[in-house]
Amino acid sequence: MSDAAGALGPIRGARRTKDLAYRAFLGMCVVLAVTALGAIAIYVVSRGFSALSVNFFTKEPAGPLDPQAGGIVQSFIGTGIIVGIASLIAIPLGLLTAVYLAEYGRGRTASWIRLVCDVLLSTPSIIAGVFIWSVVVVTLGRFSAFAGGLALVVLMWPIVARAAEEVLRLVPQELREGSLALGLPRWKTILRVVVPTAGAGILTAIMLAVARALGETAPILLTSLGNDYINTDPMKPTDAVPLRVFVDARTPVAALHQIAWGGAFVLLLAVLLLSIGARVLHARQQKRLA
Amino acid sequence: MRKVEVVDLNAWFGANQVLHSVTMTAAQGSVTAIIGPSGCGKSTLIRCLNRMHEEIRGARVEGKVLFDGIDIYSPEVDPAAVRRKIGMVFQRPNPFPSMSVLDNTIAGLKLGDGRMSKKEGLEKAERALRAAGLWDEVKDALGRPGARLSGGQQQRLCIARALAVEPEVLLLDEPASALDPISTLRIEELVSELKDRYTIVIVTHNMQQAARVSDWTLFMLFGEVVEFGPTEKVFTTPDDKRTEDYVTGRFG
Amino acid sequence: MTVRKSFHDELDSLQQEILEMGELAETAVRDSVGAITRGNEDAALHVIEGDDEIDRRYLDIEQRTLWTLALQTPVAADLRLVSAIIHASLHLERIGDQAVNIAKLYLLTKDLAPSDAMRAQISEMGDLVVQMVRTAMEAFAKRDLELCVKLPKMDDPVDRLNRATHLEALKLADDPAALDWGLHMNLAARALERVGDNAVDIAEQVSFLITGEFREFTDASHEVVP
Chain A
1 MSDAAGALGP IRGARRTKDL AYRAFLGMCV VLAVTALGAI AIYVVSRGFS
51 ALSVNFFTKE PAGPLDPQAG GIVQSFIGTG IIVGIASLIA IPLGLLTAVY
101 LAEYGRGRTA SWIRLVCDVL LSTPSIIAGV FIWSVVVVTL GRFSAFAGGL
151 ALVVLMWPIV ARAAEEVLRL VPQELREGSL ALGLPRWKTI LRVVVPTAGA
201 GILTAIMLAV ARALGETAPI LLTSLGNDYI NTDPMKPTDA VPLRVFVDAR
251 TPVAALHQIA WGGAFVLLLA VLLLSIGARV LHARQQKRLA
Chain B
1 MRKVEVVDLN AWFGANQVLH SVTMTAAQGS VTAIIGPSGC GKSTLIRCLN
51 RMHEEIRGAR VEGKVLFDGI DIYSPEVDPA AVRRKIGMVF QRPNPFPSMS
101 VLDNTIAGLK LGDGRMSKKE GLEKAERALR AAGLWDEVKD ALGRPGARLS
151 GGQQQRLCIA RALAVEPEVL LLDEPASALD PISTLRIEEL VSELKDRYTI
201 VIVTHNMQQA ARVSDWTLFM LFGEVVEFGP TEKVFTTPDD KRTEDYVTGR
251 FG
Chain C
1 MTVRKSFHDE LDSLQQEILE MGELAETAVR DSVGAITRGN EDAALHVIEG
51 DDEIDRRYLD IEQRTLWTLA LQTPVAADLR LVSAIIHASL HLERIGDQAV
101 NIAKLYLLTK DLAPSDAMRA QISEMGDLVV QMVRTAMEAF AKRDLELCVK
151 LPKMDDPVDR LNRATHLEAL KLADDPAALD WGLHMNLAAR ALERVGDNAV
201 DIAEQVSFLI TGEFREFTDA SHEVVP
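Residue numbers (the working numbering), protein chains in the order written: chain A, 1 to 290; chain B, 1 to 252; chain C, 1 to 226.
It should be emphasised that the hints constitute simulated quantities derived from the structure, not laboratory data.
Be careful, since some hints might not be right.
Here are the simulated SDA-like cross-link-like pairs (lysine to any residue), alpha carbons at most 25 Å apart as the crow flies [unchecked claim]: (1) Lys171/C with Ala117/C; (2) Lys195/B with Lys119/B; (3) Lys287/A with Arg148/B; (4) Lys188/A with Asp113/B; (5) Lys5/C with Arg148/B; (6) Lys110/B with Pro172/A; (7) Lys188/A with Glu189/B; (8) Lys5/C with Ala131/B; (9) Lys85/B with Ile190/A; (10) Lys195/B with Phe7/C; (11) Lys241/B with Lys171/C; (12) Lys64/B with Gly39/B; (13) Lys233/B with Asp55/C; (14) Lys195/B with Gly39/C; (15) Lys153/C with Leu90/C; (16) Lys85/B with Met116/B; (17) Lys241/B with Phe7/C; (18) Lys188/A with Ala147/B; (19) Lys233/B with Lys171/C.
Which bits of chain A does chain B cover? Going by a derived footprint, with three or more residues having C-beta under 8 Å, they are [claimed, not checked]: (20) 176-188; (21) 192-201.
Bear in mind that the values here come from a model prediction, so they are computed numbers and not experimental data.
All C-beta atoms in this analysis are idealised placements derived from N, C-alpha and C, irrespective of residue type, glycine included.
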């Protein structure tokens, strides 16, 4: 009798217990994950928030006599310059690569390019740093923001390329066909129909790449070296926020630790905003293609 | 007058031959329907008429397709130019989501070679949308995204888009199969209205639609032409038994 | 934009054609009877020639209705309309043929002496059946069920007159020439009676078109209750 009822009726008995057990287990996993993330965020926020001040954003590090009066303005400017240089190179390069892979790449060349991208994606970032160090820093004889930017290009390019390629692939083939059937050439089809349709998705890819670049420390260490003072010359050593966090955390000075927490907080905030923004755009893009 | 003439056409997907020695004509100002069971090659055939078949990787065509006497497959001919003269509407409506209704309609013109003033663009759009029977429904909403219309409206937008380029031939690849019955009948009525000015070739898996709408009917099976004749004849006294079996629903 | 406009236009055109065919048939019957009652040879010849037009329309309707069925797959009232048109055209073509028969019968007997009594009967029959054809076609044009139902009753006096002409013809037995004329006229009366039956059949078809139910109004083997 329970079988007959079970075919159409509500979940009962042993099945119900199992169901509840699985739900409880999954619920616990969610709680664990959220707790971990939450713990980090809360900790960073609580430690870092108090470091934020006008000085923090506008002054260079102060001397040993009054360390908390200083700030890390040169790091913000430096990050802006380095990530800016990297973006200027990596984004166009990445988009062109993505277009090639999605629209033209069927043969062996495309497979090789994809392989290179995938390898670079999972390469430890310090290797990018070492590579640029030996190719650019040694050749030029100096550390520079430019070299730092190049190191970040190595990391950003595959992200833009692969993420944008995925979005371009998601654009339905029928749109390309519709455009070609109007007598439009292939390149115009890509430029004026496919890319605009992928629009928000491409922006997402870029945001993800920038979010990654913002937080990289090791490659910058080996190529840009860092700086205690503001530097706007891309050919000279420049500071960056994650680098500064690293450096300050290793000092014995408590006030500098505080500033390091502040830097960590700002980084976390930036990455969070970019990630959430990317998600929102992604959702909107999904709706548009549906 | 023979507007489009297909002579001994063969087509392949890679090593797989899907069209065998197809020969047919579409007379000026007529509607020719291509019918046949799934996989008989009707979509492939229609895509060979505007050189869309070769856009697929590994696809190959041999034979002649004459448009006003000129072989569109000869090496001097630009495929894009062919497609401006021979337009196509696809099975599933495919308006460009990144563009408004207005921009969609004149996309072929705006993104093509010509430069147009805004006024000219609007005029051409209105003409095309009227021809497609959509103007009254969208004239106050030209700025709306093209993809926000209903299915039937989207398909008529695609027809307007194809007409705006002022082709001479219109190819319709199962234009109504994704639509509800009333939208389907509206598309059919549109085809009757358009045939004065265009030569139309329509692929359909709906035999009654072919019967209602066309002047000539081509019946295909396994990539070959079985019968090609006036629609009344094909549906009342077909020559070939296979045609008879298909239209009476004995197979397919 | 209306949907399936060309199909519905074709139905309207077919209906128009059947109504015109009705008028032609009606006129043919009237003129052929007129030839007998007024001794008009030209009228009779005219009726015989005019049958070509009726036959032409019959074939045209045949072909167009066949194509309409094949190409437009009509359903519901549209389908019943096409069916009614096919049947009506057949009956009207028969009526046309009967008119030709009557005209030919006149031509065969035009030089014989007529019987006024029989002529009067034929004239009356002629009026009645012409009215029947007209009523049936009017019922078709207006989709009027009441008119349809009138037809069987209109047929009764025609049947009576038909029997009466038979009796009248017997009276002419003494004079061979008169009998000759009389027997031919009897056939003419029979032709008119057939016209009446065809008119009733048309009304049956119209009744089916309107109600969707097929009822026989007259049946040779049974007494039909209306």
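Hints, one by one, checked against the model:
no. : hint                   : verdict
1   : Lys171/C with Ala117/C : holds, 11 Å
2   : Lys195/B with Lys119/B : violated, 28 Å
3   : Lys287/A with Arg148/B : holds, 11 Å
4   : Lys188/A with Asp113/B : holds, 11 Å
5   : Lys5/C with Arg148/B   : violated, 29 Å
6   : Lys110/B with Pro172/A : holds, 22 Å
7   : Lys188/A with Glu189/B : violated, 34 Å
8   : Lys5/C with Ala131/B   : holds, 16 Å
9   : Lys85/B with Ile190/A  : holds, 22 Å
10  : Lys195/B with Phe7/C   : holds, 16 Å
11  : Lys241/B with Lys171/C : violated, 64 Å
12  : Lys64/B with Gly39/B   : holds, 22 Å
13  : Lys233/B with Asp55/C  : holds, 23 Å
14  : Lys195/B with Gly39/C  : violated, 57 Å
15  : Lys153/C with Leu90/C  : holds, 22 Å
16  : Lys85/B with Met116/B  : holds, 19 Å
17  : Lys241/B with Phe7/C   : violated, 28 Å
18  : Lys188/A with Ala147/B : holds, 20 Å
19  : Lys233/B with Lys171/C : violated, 59 Å
20  : 176-188                : holds (count 10)
21  : 192-201                : holds (count 5)
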